[in-house]
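Student: The numbering used here applies: residue 1 is where the sequence shown begins, and numbers increase by one.
Worth flagging that the hints you see were computed from the coordinates, not collected in a lab.
Think of the CB as a built atom: it goes at the ideal place given N, C-alpha and C, for glycine as much as any other residue.
Any given hint might turn out to be false.
[Unchecked claim] Derived lysine-lysine pairs resembling PhoX-like cross-links, with alpha carbons at most 20 Å apart:
id : residue 1 : residue 2
1  : LYS171    : LYS132
2  : LYS171    : LYS19
3  : LYS46     : LYS72
4  : LYS46     : LYS171
5  : LYS171    : LYS207
6  : LYS222    : LYS19
[As the list claims (entries may be wrong)] Between beta-carbon pairs, the in silico distance windows are:
id : residue 1 : residue 2 : range
7  : GLU35     : LYS207    : 26 to 32 Å
8  : SER109    : GLU154    : 17 to 23 Å
9  : VAL26     : THR185    : 26 to 32 Å
10 : MET39     : LYS19     : 29 to 35 Å
11 : LEU94     : LYS191    : 21 to 27 Å
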Amino acid sequence: MFDVIPAIDLLNQSVVRLKQGCYDDVTVYPQSPIELAQMFEDQGAKRLHIVDLNGARDGHLVHAELIKNICKHTNLTIEVGGGIRTVDSVHYYLDAGVNYVIIGSLFISNFDLAFSIATMFQNTIIAGLDAKAEAIATDGWYHKSTTLITDLIETLNDSDIHSIIYTDIAKDGMMDGPNIDMLNTVASLSKKPIIASGGVRHHDDIKSIQTISNIAGCIIGKALLSNLDNLDDFFI
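Could you put together the complete structure from these sequences and hints?
Tutor: Pasting the structure below:
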């Protein structure tokens, strides 16, 4: 099964999109997060990707209550990332109704803790790996590590994570198509299902991603928010 997953990025309680992860290049959308989530569900989405951008940058949960309310007001399968650095944070979201918790920066700053959390919450943790020129970026993409995504993916093959979200930062918010070559590389190295993120514009891009073995879905942000009157073009 291949999931087309709409994205809601939260900054200061609003739905936003950043361009290549830049907090100084923000587009704010008028819809409330709950309204938008319900709109996606009404048009056929089954799953929702939520990022707490304040949390990702600041290293702690900021939009936890708002995300809890989104869970209450939809029947979507929900995955959440941003600022999750502790076991208590994971517990909070799972108790709030979140289905999958995304951990990213912690795999760089404290790999042993991240690995143990994946073991503790088997098949519930998604590794969120965001890369620019193959190097992992952390803390809301403010910092670029020396860890290569290819190396980390191979290391995670022996973990209890559910799957991996691979985001190509150079493609994020650019509307110029996904990086198919890199997606092929990432998918071939991983024993875990890969979810693609970055650059998806339309249904043809979705079909291109679907041809790659071991890709379980794709996340779409700006393309959906730019076509709210034609969402059924994506969820077919």
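Student: Among the hints numbered above, which are violated by the structure, and what are their numbers in rising order?
Tutor: Violated hints: 4 and 10; rest satisfied.
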